[in-house]
Structure formats: structure tokens, C-alpha cells
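Full structure from sequences and hints, please.
Residue numbers (our numbering), protein chains in the order written: chain A, 770 to 1435; chain B, 7 to 133; chain C, 19 to 232.
If you're looking for bench data, these hints aren't it; they were derived computationally from the structure. Take the hints with a grain of salt, since some may be wrong.
[What the hints assert, rightly or not] Short derived list, chain C residues pointing at chain A, Cβ under 8 angstroms:
1) 120
2) 122
3) 125
4) 126
5) 129
6) 132
7) 133
8) 136
9) 140
For each residue, glycine too, the CB sits at the ideal point set by N, CA and C.
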Amino acid sequence: MTTTTLAVLVPLLPFLGAAAGLLLGRTAPGFVRPLAVLPTLAAAVLAVVVAVRQDGGKAIDASTQLTPTGSVPIDLALHIDGFAALTAILVGVVASCVQIYSTGYLRDDPRYPSYAALVSLFTSAMLLVVYSGDLMVLLVGWEIMGICSYFLVGHYWETPEARAASLKAFLVTKLGDVPFLIGLFALAADAGTFRITGILGAVAADAVEHPTLIALLLLAGVAGKSAQFPLHTWLPDAMAGPTPVSALIHAATMVAAGIYFVARLLPLFAASAAAMTVLAVMAAVTMVGSGLAALAQDDIKRVLAYSTIGQLGYMSGALAVGDRGAAVFHLLSHGAFKALLFLAAGVIIHAAGTNSLAAMSRMSGLSKRVPDAYWTMTVALLALAAIPPFAGFFSKEAVLVAAEHTALGDSETAPVTAGWFVLVAALLTAVLTAAYAIRLWLLTFRGRGAEAPDHGRQPLSMTTVLWVLAVPSLAFGLTAGRLPRWFDGHALTPTLTTAVLGTGVALVGGLVTYGAWRHSTALAARLPLGAVAAHPDAEPAVSEAEAIATHTPAYGDIAAAHDPADPARLLLGPLHRHAAAGFHVDALYTVLFVRPVRAAAQLVRFLDREVVDTYVRGSGTGTRWLGTAVRRAQTGNVQTYLSALLAGSVVLAIAAVVLSNVNAGS
Amino acid sequence: MHLAYPAVLAVLLFSIGLYGVLARRNAILVLMSVELMLNAVNLNLVAFDVWLRDTLHAGQALTLFIIAIAAAEIGIGLAIVLMVYRNRGSSDVDRLRDTAETAHGPDAPGPHGGTSTDREEKAEATA
Amino acid sequence: MTFAAAATHGFLSPAGVEIAFLLVGVVTLGAAVITVTTRQLVHAALWLVVALGGLAVEYLLLTAEFIAWVQVLIYVGSVVVLLLFGLMLTKAPIGRSPDADSGNRWVALAVAAVAAASLVWVVVDAFRTTWIDLDGPAQGSTKVSGEILFRHWVLPFEALSVLLLAALIGAIVLSRRDGEEPGKVPASRTAPAARGGKDSSSGRADRSAREGNS
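Quick look at the structure:
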């Protein structure tokens, strides 16, 4: 088979799997698991084959046109360069891991068939986004992901949190998608094509007339999809979905799509210094803010969610300084270790019966209960904190190097100010990242108090996946020397200055947190807290749904628990309250958007009920009155009828005579 | 002779018949009023025939036909009135109000309880 | 011919035949009015005889003698007799009946008055000056009528005979007493009102009895 055929099969196989899964889900439950896992796995293998054949060389371009579509043609086009090939591998691998993990995690779930089909569809849409060479086709995948995320985040729709979260995720990403769509049309109008190659050619020829406007419009969609400030608020709430879905959304699909999109069209963004600066500021604010917020969260998955936002900020930062190689490098390594973190967190939540860090810190021996999760999570957290030689270190160094280059004026694509923004924010975030990673690890695995409950061994399908993902988290950084051949050719290896600086601040953050934990952990014994509410022997998904549902009643808040033993309280001081609430962005949006919309809806409801309906009811009442009046005439007396008939004909006759006389006289 | 005399006489007779049809209760009196109206028409036809000196005498021929048809109409009409009277015990036109919508709905029986049964009997008789 | 004649004949100098026509017309109208207003039903039929007889005289004055005799023979002779029979068969009250007119009479009066006014206006307006010349050969003698009727109007005449036959049969069918047994006839004949007003259960019993007999 040609490489093109293989590449077409990559997104097609999960799609067919999803369709078959939906069709056979009820009639043949035995086929659901193979139909979920095998197409995704095959797609991952094919993505590897495509990557090997492409081998970082010239981009593979193929296109076919289904039907003429007016002035701007829409092609079913493939555009596979090094970025696409490697990202597709990441998507395939993570999606396969998630599918395998889900077979254990949701083993008794009655909605598993639809769940698995949606995950397959989600994967297929992301692969379409990755491989597509046409922006309209890319948009199709982009929107399918939005729909799938809505359904998957709302998987536990029995809980009000999940319902609210799925709606929020859908609406917030759609809020970004509207300007994104307008931007796409403006871009196509300027460039005359939806093909990526064509657009890049137009950018190179300076044929795009409004690069700043288009770039800013597109950035709105990217911010929504990739959860960048100010449209990041859906991502922490999306933790109300099942853990494998979180892993999928955070590591490989959805949020990666925005970064990947910018990386694909980076020359377009680079054509506008303003857009690059906006992107840099966006990235900086996102990074620092999410780091602080992550430090204050109590829900283990919300810590990871804010960490995802921060790491995506790193990638946006790398794009803002014009180095998409570093961005995609970080995307790949982050995808590996963040998927691992989430999947391990799912195991831990099941084992501990709660998703609250405060409760886990009062529980000893969790690491012995789930040794696989303990070890792999340690690896992933080290990677997240960018400790050498783990994967995160190398990719984050690449970002730092790129930012430093730009800040010192060595880059011709990005403004110097953007470089400084990104560099300073990235170093600050490195401190925060290390701090919340260490806090997460200490609170989860070094708790003191009652013994953790024993649920026996976790399913093999879940633990194996953890080790599979631990390998790239550990070793992916070693490919840093070989990757530039696939990307733009920028060196991705760490330089001494940034390596020392980055690792140094990370160590500082980690040590300070450790000190704070030593100081505050003494308080934990005195303050008993933490009702483990979840059903101990249920399947993991049920434990998680119960943990989500009981978090607010048990600890008072969805984000934070009133736990004075939390080292974050000591570190953040008065800032803790605000950080836990995500710096009140949600409250701000409530004031700015939600309340006006509600008020407008009330007004419309009033107008409809009181004004429009009055006319409708009035016409009905009038007709009824008229009918009553007419009914009185129906007496059944033939003489009355005949009188009316003859009177009418006399009137008509007189009218005819008078009219003819008048006409004759005139 | 002025044509206006017979014409006006016909008009007035016609109107008197009209009044009788609309105002009388007894069905036989209504039939009498109909006869008056028919005769008014006949007078018109004869007068115009004489005035026009029609070689075919269409007016007079038509008058003869109308008289014959009127006789037939009276025969049939009286038969119907008799039948109604037999079924209802009354030949008052304004009391035959089965088509009126009553408070109990269109299917409720009229003032005479046996109406539906009588109708069935009629249907049987004609069948 | 008529317009030239009309100029010489004014309304204020009526000819003898016109005076006769007017007098008979007034009598006819009066009889007609009494017919539709009287409270004695049998009197109405008798006044109808006067009105129809007056019309027969008018036909004679218009030289339509055959139609005049036919009018007397058929209307006065048979139709009115038929009507009187009808009145008797429906047990019309002899003497004044207070409810001879329905509640519709004022509406009827208005409609009739308006119709009369408008029609009179139209007719007078149209035929003010038209003159009928009655001096020529008689228009409606029996000989003439017979000739045209059987020369030009034979087909309608024959069709009319079929119609009369149909009416005859129809009248018989309608007034027949539903094929009742001879033994039952007197009972229902003596109490037609009770028969109309009887309840459904007895009607049903009646019918079942008849079915049993047949």
C-alpha cells in the first residue's frame, strides 16, 4: 500500500470502529471491546508506519476533490510533514492506551459501548485534524471533537457537576470557535484557498492582506480549544468526566489541537508581530496563573488540569517565540507524561476512594496498595517538574532555549518583548510546576493516618498501560538530538545556561514545598478530615463518579478543602483563597456574560409569554366569541334561514340595479 | 293597455306570496303562498307574451307547463306534509328544528322522543 | 308600434279594459292579502280561490282565454280542493287559531316590503311607456293555443306528462301507510298524534310485532 493509502486509513479506522461500535453496541456486546481497541491500535501502528515512510523528509501532499464547491475549492487533502507524522503517533498511542485502560476502568458500565464509540470518534477526529491538508476538513474534525468532548465529559450525567461541566466545555470552546470560523473564512478569502500549502505559499509571497486580524481571530479559537487564558475555564471543570477521557482530552486530542493548529500555520502568525505578542502575553498569563491555581487545588484531577493549562502555556510560549519544533516537542513529551498522570490518578482515586488530596494526606500506605501507579506517577511527576533526564526536562529546555534566543534578539520571526515575556513566565512557572508536582506526590503517597483500604490488585489492563506510557515519559527526551530532522531544523538540545537555570529553579520550588510540607504535616494528625465516601469494591468508574459527587458536600468546595495542613496554604498565604477559585475568572464571567444572558433570556421569556402570547390567545378568544355569535343564528328554523337568504338576494338585486343605474347615468 | 298594470300586479302578488312563505306557520298555508308566487309569474308570462305577440306563444306555453308542474308540486308537497304530520303530530314549519344544535349536543333527541325510531321505520318502509 | 301608441295613451285617461283590469286587480290583491294574513285556515283557502279566480279574469282581459279556463279548472277546481283536503287531514283547527303566523312575521314583512318596493320601482321605471295592443287577433284563443302546443311544444308536453306520472306515483308512495296490517289501520288512524309522540320502546315493540307477523 502506498503511504497515502495508509495515511487515509489512520483516521478512517477509528471512525469505522466508532460506527460499528454504535451499531453493534446493543446487539452484540461481545464485539464492543475489540471494536474499541483494535481499530485504534491499528491506527497507531499505521501512524508509525506512515512516520517511518515519511521519515522527516519532504511533506506528503495528496488531495482529491469530491465535488466543486464554488469560488474557494474544498479538497480532501493530506499534508503530512514531520509534525503531523509524529503527532499522529502520539494520538494513536495515547488513544490506544486510553481504550485499553477504559476496558478495565468502565468494565461494568452499561453505557460503555457508546462511550467507547465516542472515544474512537474523538480519536478519529483528532487524527483528521492532524493529517488534514485543508482547513475546512480540519474544521470538521475540530468540531467533531467539540461534540465528542461534550458527550464524554458528561458521561456521568447523573451528577450535576458533570452536566454543568459538559455544557460549559461545549459553550466555552464554541465561544472561541465562532471567531475561529470567521478567521478561517477571512484567511481563505485572502489566500484564495483552504489548502495549507496554498496558504503558506500566500504568506510567503506576502499575499495575505490582514495577517493581524486573521491571526487574532484564529487565536480565539485556539485559546478555546487549547484552554488558554481567558477561555481556559472549561478545562478544570471538565474533570467531572471519567479519568480516561481526561487523559485523552489533556494529552493527545482536543487541547493539543489548538497548539498543533498554530504550529501548522506558524508563518501566518509570525507575519504579525502583534499576534505574536498577544500569543506571548496569553501564554505568560496562562502559565503563571495556572501554576498558582494548581498549587491550591484539592482535587487531584484539578491539579493535573491546571498543570495541563500551564504546560499548554509553555507550548504557546514556544510558538510565540517562533519555534514550533520546541512547541511540538513539548506537546509530544507532555502528551506521554500527562496521559500517564491522569491514568495513574484514576487508579489512585479508585484505590483511595476519594479524589481529595486532603483526604489522601490522612491515609497511609497508598503507595503500597497501588505500587504500579506509585512508581509510574513518580516518573511522570519528575518529567512534569522537568528534572533531568526525564522527557519533560528536554522539551521544556527546548522552549526555554527558544525563548532565550528571542529575548536576546537572535530570532528573526518573533519580537524581543515576546521572548522576555515567555522566558520570565516560563522560569516562574518552572518553580510553580515543581512545587505543585512535589505537593501532589507528598500529599498522595506520603500521607499519615489510617491505613488505605485494600481493594485488591488493580486490573491488568490498567496497570500495563501505565508502564507502557512510563517508557516515553522516561526516555523520550533522549531523542532530542534526532528530532530536529523531523521539524524545522532548529536544535532542540538543552544549552548549559538554561539547563542550570531551569533545573535550579525547579529544585528550589521542590525543596521549598518539601520544607513547607514538613512544617505543616504535623498539623494533619491533629485535624482529622476526610470521609472516604466512595463504594469500596465497585468498578473504578463508579468510585470516581461517587467521589466527584461527594466532593462538594464532604469538603465544602469543588476546588479546595478547608485543610490547614496543606503546604500550599503556607506557601501561597493570602493568595491561596483566590488561587483555589481559579482567580475568580468564573465569577467574572458570571458577571460579564452569564447574568446578562440570563437577564436577556428572562426578557425574551417575558415578551413571549406576556406580549406575543396575548395576541395568540386574543385571536383564539375572538374567534370563539365570533363562533358563539354565529352559533346563535343556527336555530334550525327553516323560515329564518329562508328569510336571511331572500333578504340577502333582495339586497344584492338592489345593489345591482343601483350600480347599473349609476353607471348608465355617468 | 299599459304593460305596467299587469307587471305591477304580478310584483305585488309575488311579494304577498313571499310574505306568506316567510310568515306562515302551517305548512299548507306556506304551500298556498307558493301558489300565489307561481301565479304572479304566470301573469307576467302571459302579459309579456301578449305584448310581444310571440309567434311561438312561448309565454303561454310556459304558463301552461307551470300550471301543470304546480299541480304536481302541490300533490307531492301535500303528501310530504301529511307524512310529517303523521310522524310529528304537527305541520308547523317552525317546530321542525331537528338540525338545531341543542345544549345536549347534536345527537340529543328533539322535543319528540320517538323521532329516531320513526326514522328507522321510514328507512325500513322505503327499503 | 307600441312607442307611437304609448304617446297617445296616458295613465290619466284609462281605456275601459284598463279600468276593468284595475278593479279586478285590486280585488285579487285584497284576496291575496287576506289569504296570507287571516287566522282562519280554511278561510285562507277560500280567499285563495278568490285571488286565483281574479287572476283568471285578468288572463281573460289579456285575451288569453285558454289559460284563463285552465286556471279556473286546475287551480280553483283541483288545487284548492286538494289544499282543503290537506287542511282537513292535518286536523287544522276550524275557527281562529291565534298562532297562525310564526315569530318570523316582522322580518318577513320587511323583506317582502323591500322586495315589493324595489321590484315595483324597477318595473315601473322600465315599462312606463310600454303599451299592449289588444286589438289584433286574439293571442290566446283555444285554437291558437292548441295549434302551437301540439305543433311546436310537443316534446316538452310529453316530458311533462312523464313528470306528472312520477309526481303521482311519488305522492302515492309518500302518503301510503307503511304497509301496515289492515287490522291496525283504524287504531293508528284514530290516533296519529299519539303515534307521532309515542316513546321509542313502544315503537320498537310495534316494529318487532310487525316483523313477527311478516
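Ascending list of hint numbers which this structure does not respect: none
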